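J.: Sequence order for the protein chains is V and Z. Residue numbers for the first sequence follow the numbering used here, so the first one is 1 and each next one is one higher. Residue numbers for the second sequence follow the numbering used here, so the first one is 1 and each next one is one higher.
No lab work stands behind these hints, which were simulated from the structure alone. Nothing false has been slipped in among the hints.
Distance condition first, Cα-Cα at most 20 angstroms in a straight line; then the derived SDA-like pairs of lysine to any residue:
(1) V:Lys-40 / Z:Gly-42
(2) V:Lys-41 / Z:Ser-39
(3) V:Lys-44 / Z:Gly-42
(4) V:Lys-44 / V:His-77
(5) V:Lys-67 / V:Met-46
(6) Z:Lys-69 / Z:Ile-49
Heads up, incomplete: computed chain Z residues facing chain V, CB under 8 angstroms, no partners named:
(7) Asn-31
(8) Leu-43
(9) His-45
(10) Ser-86
(11) Leu-99
(12) Phe-101
(13) Gln-103
Owing to the predicted nature of the structure, the values given are computational and were not obtained by experimental measurement. For glycine and all other residues, C-beta sits at the position ideal for the given N, C-alpha and C.
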Amino acid sequence: DTAVSQTPKYLVTQMGNDKSIKCEQNLGHDTMYWYKQDSKKFLKIMFSYNNKELIINETVPNRFSPKSPDKAHLNLHINSLELGDSAVYFCASSRIDGGTQYFGPGTRLLVL
Amino acid sequence: SQQGEEDPQALSIQEGENATMNCSYKTSINNLQWYRQNSGRGLVHLILIRSNEREKHSGRLRVTLDTSKKSSSLLITASRAADTASYFCATEHQGAQKLVFGQGTRLTINP
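For reference, chain V alone in the conformation it holds in the complex:
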């Protein structure tokens, strides 16, 4: 049973396109996150949602729009993709009081 799942696993697209990445967790957690990992493996938080409400928005360009239809899902929509958006995007979840985070397998985005 996959705890945190993401789709798609790989995404190759052209500059200027719009794309979405989906995330689902079956752990019953209240908090979900999106991280970006660059080519140097540096992992940086982008957003966090607590029970469908935005908690953290780390100065991410407004081309990135997270959406949480329910507390088990947190999707990431990216408009007008740029070359610099190429990275691995990880979804994670945790209980409301923080602590251990459970990560999805990642979505490898390549913008050409």
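Given the structure of chain V, go ahead and fit chain Z onto it with the hints provided.
T.: Chain Z in isolation, oriented as in the chain V frame:
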């Protein structure tokens, strides 16, 4: 910046040896966590140590925390080839509802 720093950036040892990785941070924390990332995979939580704890063990893992020096170390004893991965420390800082990750240590265990 609250970002932690890990040392060394890369470590290569022989199977059976012990591996030690260090992490330093800048501001007061609630807890510090260590994660492992195998190549092409997501991060897996290894151990969490709270600010009032000094040492924790989990199997072959030993984590220490020195809040006066704002540093932590992860020791893997009797290393195995399967321990080859990147190891990240992450800190949860007081007043912040997020984890801040270090840049990671790439550990290679040679058979």
